[in-house]
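Chain R is fixed; fit chain Z onto it per the hints.
As given, the protein sequences belong to chains R and Z, one line each in that order. Going by the UniProt record's numbering, the first sequence opens with residue 1, and the numbers climb by one from there. Going by the UniProt record's numbering, the second sequence opens with residue 1, and the numbers climb by one from there.
Just so you know, the hints here were simulated from the structure itself, not pulled from any lab data. In this text the structure is predicted, and so the values were computed from the model without any measurement. You can take every hint at face value.
DSSO-like cross-link-like pairs, simulated, lysine-lysine; straight-line CA separation at most 27 Å:
no., chain 1, residue 1, chain 2, residue 2
1, Z, K30, R, K44
2, Z, K197, R, K208
3, R, K44, Z, K13
4, R, K88, Z, K13
5, Z, K101, R, K101
Simulated DEER-style distance windows between Cβ atoms:
no., chain 1, residue 1, chain 2, residue 2, range
6, R, A156, Z, C86, 32 to 42 Å
7, Z, S166, R, E171, 17 to 27 Å
8, Z, W185, R, E213, 22 to 32 Å
9, Z, W185, R, S163, 56 to 66 Å
10, Z, V61, R, T165, 21 to 31 Å
11, R, L55, Z, S166, 48 to 58 Å
12, R, Q145, Z, H141, 19 to 29 Å
13, Z, I26, R, Q145, 33 to 43 Å
14, Z, Q186, R, T165, 50 to 60 Å
C-beta: ideal position from N, C-alpha, C; glycine also.
Listed below, chain by chain, are the residues.
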Amino acid sequence: GQERGRSSGMPAGMRAGMRALAVLLCALRAGGTELTFELPDSAKQCFHQELERGLKFTLDYQVITGGHYDVDCYVEDPNGRTIYKETKKQYDSFPHRTEVKGVYTFCFSNEFSTFSHKTVYFDFQVGDEPPILPDMSNRVTALTQMESACVTIHEALNTVIDSQTHYRLREAQDRSRAEDLNGRVSYWSVGETLILFVVSIGQVMLLKSFFTEKRPSSSGAST
Amino acid sequence: LALYFHSGEREEKCIIEDVPSDTLVIGNYKVQRWDIHKQDFLESAPGLGMFVTVTTPAAEVLLSKLYGPQGTFSFTSYLSGEHVICLQSNSTRFVAFAGSKLRIHLDIRVGEHFLDESVVQAKDKVNEVNFRLEHLIEQIHHISKEQNYEREREEKFRKTSEETNSNILWWAIVQTLILISIGIWQIKSLRDFFISKKLV
Numbered sequence: 001g002q003e004r005g006r007s008s009g010m011p012a013g014m015r016a017g018m019r020a021l022a023v024l025l026c027a028l029r030a031g032g033t034e035l036t037f038e039l040p041d042s043a044k045q046c047f048h049q050e051l052e053r054g055l056k057f058t059l060d061y062q063v064i065t066g067g068h069y070d071v072d073c074y075v076e077d078p079n080g081r082t083i084y085k086e087t088k089k090q091y092d093s094f095p096h097r098t099e100v101k102g103v104y105t106f107c108f109s110n111e112f113s114t115f116s117h118k119t120v121y122f123d124f125q126v127g128d129e130p131p132i133l134p135d136m137s138n139r140v141t142a143l144t145q146m147e148s149a150c151v152t153i154h155e156a157l158n159t160v161i162d163s164q165t166h167y168r169l170r171e172a173q174d175r176s177r178a179e180d181l182n183g184r185v186s187y188w189s190v191g192e193t194l195i196l197f198v199v200s201i202g203q204v205m206l207l208k209s210f211f212t213e214k215r216p217s218s219s220g221a222s223t
Numbered sequence: 001l002a003l004y005f006h007s008g009e010r011e012e013k014c015i016i017e018d019v020p021s022d023t024l025v026i027g028n029y030k031v032q033r034w035d036i037h038k039q040d041f042l043e044s045a046p047g048l049g050m051f052v053t054v055t056t057p058a059a060e061v062l063l064s065k066l067y068g069p070q071g072t073f074s075f076t077s078y079l080s081g082e083h084v085i086c087l088q089s090n091s092t093r094f095v096a097f098a099g100s101k102l103r104i105h106l107d108i109r110v111g112e113h114f115l116d117e118s119v120v121q122a123k124d125k126v127n128e129v130n131f132r133l134e135h136l137i138e139q140i141h142h143i144s145k146e147q148n149y150e151r152e153r154e155e156k157f158r159k160t161s162e163e164t165n166s167n168i169l170w171w172a173i174v175q176t177l178i179l180i181s182i183g184i185w186q187i188k189s190l191r192d193f194f195i196s197k198k199l200v
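Next up, chain R with everything else stripped away, as it sits in the complex (with noise of 0.2 Å):
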């Protein structure tokens, strides 16, 4: 190994945690893309990843505004069989291990819908989450103290941006919900008192016009 000055006075086992520490914190989430877009009423929107054969992956979705809040969705593996589909989803999750080394298709159709357009929010992760300790699967040992207070750290933080996301989807959606209803309620009360005055002013002219038609022997009049 190479001589550190500096560091030579630590010991090993300290060093190793400090190995693991650094790994930790440097550790990215396994790689994947997550995108927010906007679906048009009768459209189709298709993305696309190349990827190796035995990797795991998982596409969550999640429609956060738009109509009844729902899409079709499906997934194509390179040999263009498909390997899920659903239609008129709120929010999924899919994972699967690829077979066939290749280009990956999953596709968001809003064709079903003639005026509302939809914004979609899908989460592509792809591969294994690598485990954050070089040689945490052929340890002997047990963990010093600062490697299983990396692995706690680490985990917990993973569930932080897992609960965030659910958290911030779940808000948009209903947020959208709620803007749409008290939209709706508005209108719906402008439009109900326009037509009572319509109506009610309505029936008392229909009523009167049904006395006033000029009529030689009409009551009243003597000749």
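Below, chain Z without anything else, positioned relative to chain R:
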């Protein structure tokens, strides 16, 4: 760059990013054009560029620049809310070009601060840990900013719900009053009418 999608030559494709204020958003893209002769996407078509437009939630344009076939763009949000990132090619060909489309590879990262890898490798392990700890602290600050933003949005949501609730209540009262007063007016008007017509 992993994920890609197809788009028409002059079509504008937009991505929505809901971010808190003071957040750095970095985007990487690569665009390829379909070549009819080779029946494949060319590696990098010469002269092909992409207009990148970023719009803030207040409908102001934050960034509007022309980049080459491959590029990186970034912006820092100063308002919280939905920012719209739009990509459109600068192709001057007319729309009716049969079979012409673009393949756009895209990767957008929010709130990440890049580590300077060379600085990290050079020092010994203690300083590396120190450096990475600072990076981690920055990431946790970002989590905290997101949570504050979430609190703002939930407040707005709650206000909307309460406004809807009071609208419905107020409208029910007003509607009852209108109904009663119109009823009274109808009967009065008809009675006066019949009296004047000597029917009553």
